[in-house]
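Engineer: This is what each chain is made of:
Number of protein chains: 2
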Amino acid sequence: MGSWVDSAEVLGSDLPLELSGTGNRRAVLMAALRDAVRSGRLAPGTRLPPYRSLAADLGLARNTVADAYAELVAEGWLAARQGSGTRVAERAAPVTPVAVAPAHRPCTPERAARPVHDLVQGRPDPSAFPRTAWLGSARRALAAAPDDAFGPGDPQGRPELRRALAGYLARVRGVRTGPERIVLCSGAAHGLRLLAQVVGGPWAAEEYGLPFHRDLLASHGVGTRPLGVDADGARVDGLNRRDRAVLLTPAHQFPTGGPLHAARRSAVVDWARATGGLVVEDDYDGEFRYDRQPVGAVQGLDPEHVVLLGSVSKSLSPTLRIGWMVLPRRLVGPVVAAKGDREQFSSATEQLTLADFVGSGAYDRQVRRMRQRHRRRRDLLVAALGRLAPHVRVTGIAAGLHAVLELPAGTERATVLAAGRLGLAVEGLGAYLHPGAGSAARPGGVETPARDGLVVGYATPPEAGYPEALEVLCRALPPG
Amino acid sequence: MGSWVDSAEVLGSDLPLELSGTGNRRAVLMAALRDAVRSGRLAPGTRLPPYRSLAADLGLARNTVADAYAELVAEGWLAARQGSGTRVAERAAPVTPVAVAPAHRPCTPERAARPVHDLVQGRPDPSAFPRTAWLGSARRALAAAPDDAFGPGDPQGRPELRRALAGYLARVRGVRTGPERIVLCSGAAHGLRLLAQVVGGPWAAEEYGLPFHRDLLASHGVGTRPLGVDADGARVDGLNRRDRAVLLTPAHQFPTGGPLHAARRSAVVDWARATGGLVVEDDYDGEFRYDRQPVGAVQGLDPEHVVLLGSVSKSLSPTLRIGWMVLPRRLVGPVVAAKGDREQFSSATEQLTLADFVGSGAYDRQVRRMRQRHRRRRDLLVAALGRLAPHVRVTGIAAGLHAVLELPAGTERATVLAAGRLGLAVEGLGAYLHPGAGSAARPGGVETPARDGLVVGYATPPEAGYPEALEVLCRALPPG
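One line per chain: the protein sequences are A and B, in this order.
Those letters in the first sequence? Residues 26 to 505, per our numbering, in order.
Those letters in the second sequence? Residues 26 to 505, per our numbering, in order.
I should point out that these hints are in silico values taken from the structure, not numbers from a laboratory.
Incorrect hints may appear among the rest.
To be verified - According to the in silico footprint, chain A covers these stretches of chain B (three or more CB under 8 Å from chain A):
1) 155 to 165
2) 209 to 216
3) 280 to 294
4) 301 to 313
5) 420 to 431
What the hints assert, rightly or not - Label pairs and their computed distance ranges (CB to CB):
6) 355(A) - 390(B): 41 to 51 Å
7) 171(A) - 389(B): 21 to 31 Å
8) 66(A) - 84(B): 19 to 29 Å
9) 237(B) - 411(A): 52 to 62 Å
10) 359(B) - 456(A): 22 to 32 Å
11) 413(A) - 389(B): 31 to 41 Å
12) 291(B) - 355(A): 47 to 57 Å
13) 192(B) - 329(A): 28 to 38 Å
14) 173(B) - 87(A): 27 to 37 Å
15) 255(B) - 365(A): 24 to 34 Å
Remember, it's a predicted structure, so these values are computed and weren't measured experimentally.
Beta carbons are placed, not taken as given, at the ideal position from N, Cα and C, and that holds for glycine.
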């Protein structure tokens with residue numbers, strides 16, 4: 026593989042491509058370019074011809090070629106750099122077998138600290154960020170913004186974004202709200218912090234969940250009591266009158282993967298109505314459901330007793346720091362007051378950019394693109410397990426960005442360590458278990474023996490590194 | 026004044042302009058356009074010809090006209106709207122005497138709730154935001170960003186921005202730091218919150234200061250004890266061994282306006298060295314000094330005992346939610362830990378945009394432009410007072426975005442109310458006084474009788490409304 030300069034000289038502006046197939050010219054061109062990269066005809070670092078030249082060579086409209094380049098950049102096949110045109114991305118190399126096992130390469134501390142493969146959940150592949158579309162929204166948003174957008178921000182958030190989200194959430198998640206019941210925040214964690222201040226404790230929480238969320242509530246004086254979890258989601262029959270709120274992940278229990286059963290969805294709303302408790306619905310991946318229609322949000326059942334928390338962290342990027350709370354009417358004022366006199370965290374320019382991104386349909390397109398990618402990755406995971414580790418059962422795969430691999434009792438920790446030695450970062454299910462789970466002090470809960478398992482975040486690795494990450498994963502699993 | 030459509034039809038693409046004067050063509054064109062707006066030849070709402078047409082008509086380069094339009098948009102003379110071209114801003118109307126006194130217009134509750142003029146400090150004119158330059162930086166930043174920028178953020182902040190700020194702060198504020206001692210945050214308030222957690226209380230604070238900051242510290246368990254303030258800034262001889270930290274505004278005491286005297290700058294560093302206390306330097310407007318070189322930051326005297334807090338809220342916009350802390354080496358780890366495992370608040374895309382904005386010199390240009398504008402406004406304030414209220418003394422005018430008008434004892438509240446009745450929002454000095462100031466319990470402090478005064482934020486109003494705001498202010502002042 027030559028240096029960038031060499032490749033660029035070899036390629037010149039002449040790129041022989043077979044545009045086979047009918048239909049959308051952009052899609053055909055994208056397929057041809059992907060093929061050329063996959064086959065190695067276009068080596069990593071190769072500079073592509075300017076889109077004007079390629080358009081002239083192929084008899085296509087300039088925009089068609091420019092759009093294909095932009096989408097392939099968004100997909101991670103190409104990379105665009107200011108002043109140096111578009112090139113084949115370094116990571117887009119065809120997958121070649123690289124020895125990562127410690128037997129072949131000494132495991133230096135540096136290597137141990139920086140795994141080669143990453144299947145830790147919760148991080149969508151950052152190379153999938155739609156830079157071009159986002160910048161287009163930023164341009165329109167900055168041009169259209171009223172001057173007051175650059176003054177101190179309203180802590181409820183920009184009305185443009187609240188309007189766009191109200192429409193989107195109604196359409197996609199079955200949420201019942203107007204913009205006046207939405208309060209913007211910097212992410213689900215910020216939302217939880219505000220609710221802890223406004224609602225007070227104690228709360229019930231699923232016995233499997235993010236330790237970060239439990240710790241954050243605790244740091245605001247809100248203790249959580251574990252609720253049992255099974256294949257139908259949280260055992261909401263364990264709720265009682267003393268719980269001020271319950272933190273749930275109804276669309277796709279985090280991380281074990283079951284959707285909350287219809288009977289339990291009704292039951293938790295009944296509990297809230299009867300006790301005045303609050304259902305806090307963490308809708309962290311509600312948009313990513315693969316095999317059937319997404320289950321609508323519980324919020325739609327009773328907007329006056331459910332808070333829906335959402336963000337762009339899974340769908341777009343955790344870097345943007347924009348989330349939302351859809352609140353019962355009585356909580357809007359207190360939550361806005363808890364945020365302070367002005368918006369202290371979320372940038373209004375980014376709020377306006379997201380408003381355009383949602384309103385223009387770019388958010389739908391990105392979610393659809395990511396859904397297809399995640400589903401393909403999930404299918405590859407299931408196929409790899411079927412081929413290389415057929416004894417391992419995989420669950421929670423109907424939705425989301427991660428799956429759970431069930432392990433024989435007592436093997437979880439050894440498996441995580443074995444993966445680490447193979448250069449693969451992955452987490453065990455135990456990392457998510459509430460410290461109080463399984464204890465006798467759990468009133469109304471059902472004893473769930475701690476399970477052994479791996480939480481596999483299949484959205485995390487870059488596109489080209491994924492197949493190899495799966496192979497390493499299967500090698501780390503205990504034998505059948 | 027016709028409707029927008031009428032004006033646009035009348036104007037067509039023909040705009041007769043006299044480009045008198047020599048020198049920079051852009052500046053000459055901008056002056057001609059400003060004149061046309063001021064004189065009323067170009068009415069509010071009038072659509073300007075496309076810059077290509079005007080360039081052709083006047084024999085100028087297209088970029089020259091495009092830049093002139095963009096700068097006049099940034100200055101608030103023109104307004105750009107997506108899809109409808111560039112128009113004369115509605116607010117850019119020539120100042121005509123409008124009766125706002127209650128004798129002429131009934132003071133309805135609506136009117137009282139929404140004053141016509143705003144001289145409340147702390148809000149730079151939002152129409153001054155440099156939209157075009159900011160978008161240019163966003164474009165370059167998004168193109169150049171490594172993929173990891175779209176993953177979970179490092180709580181210390183993007184290295185690109187920390188590098189840019191280290192250079193800028195050294196050059197402009199005499200700050201001694203490398204990027205490794207900078208931690209990014211969402212603004213000075215976020216920085217104070219983090220320091221409260223890491224340092225603990227009690228703190229000393231200037232007896233005049235932002236109640237918001239004192240309340241925020243109190244909500245994190247850090248009580249503040251008032252330090253006397255005079256024309257030489259805080260009476261740091263009132264510090265003692267029990268104070269864990271002292272919150273100061275050395276460049277321009279907020280809001281009374283004196284810079285901290287050189288002897289006191291040394292004394293406060295001596296106190297910190299002797300007691301292990303921390304100097305927290307809120308450098309909120311250090312870039313805006315008018316009559317001589319800015320005083321360097323106290324941080325430069327002793328980087329191991331001073332934290333410098335800064336943000337873009339005054340220089341650029343409070344909407345961006347980006348600030349910085351320059352920390353003693355020993356505090357970097359604890360402050361980053363207090364922020365959490367990942368960046369929860371500041372968007373990385375905006376951090377990268379600001380890094381480009383600073384690194385490309387656009388930030389310097391914006392600060393320079395705003396400094397000229399603020400100085401002109403300050404001069405207009407002083408001139409208006411000299412003409413209409415020569416008995417009122419104005420202080421704190423060497424720097425910053427506000428001035429203090431001294432009032433006869435006992436007249437402050439009546440003056441603020443009178444201003445309100447005239448449709449002018451402005452605050453009294455008393456709003457900033459520490460509730461414990463002047464009490465006998467203040468060890469080492471000096472009794473300062475509460476002073477009567479107005480805090481006049483001259484950066485706040487839109488450009489065209491400022492002269493009238495000053496006239497209303499002078500009418501509200503007590504007679505001499």
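Engineer: Does each hint hold? Answer for all of them.
Structural biologist: Now the hints, each set against the structure:
1. 155 to 165: holds (count 6)
2. 209 to 216: holds (count 4)
3. 280 to 294: violated (count 0)
4. 301 to 313: n = 0 at 8 Å, threshold three: violated.
5. 420 to 431: Contact hint for the segment 420 to 431 of chain B vs chain A: violated, 0 residues under 8 Å.
6. 355(A) - 390(B): 41 to 51 Å: holds, 48 Å
7. 171(A) - 389(B): 21 to 31 Å: Since the Cβ atoms of residue 171(A) and residue 389(B) sit about 27 Å apart, the hinted range of 21 to 31 Å holds.
8. 66(A) - 84(B): 19 to 29 Å: Distance hint for residue 66(A), residue 84(B) is violated at roughly 51 Å.
9. 237(B) - 411(A): 52 to 62 Å: holds, 59 Å
10. 359(B) - 456(A): 22 to 32 Å: Between residue 359(B) and residue 456(A), where Cβ atoms are some 25 Å apart, the hint holds.
11. 413(A) - 389(B): 31 to 41 Å: violated, 58 Å
12. 291(B) - 355(A): 47 to 57 Å: holds, 55 Å
13. 192(B) - 329(A): 28 to 38 Å: violated, 53 Å
14. 173(B) - 87(A): 27 to 37 Å: holds, 32 Å
15. 255(B) - 365(A): 24 to 34 Å: holds, 31 Å
Comparing the model with each numbered hint stated earlier shows that hints 3, 4, 5, 8, 11 and 13 do not hold.
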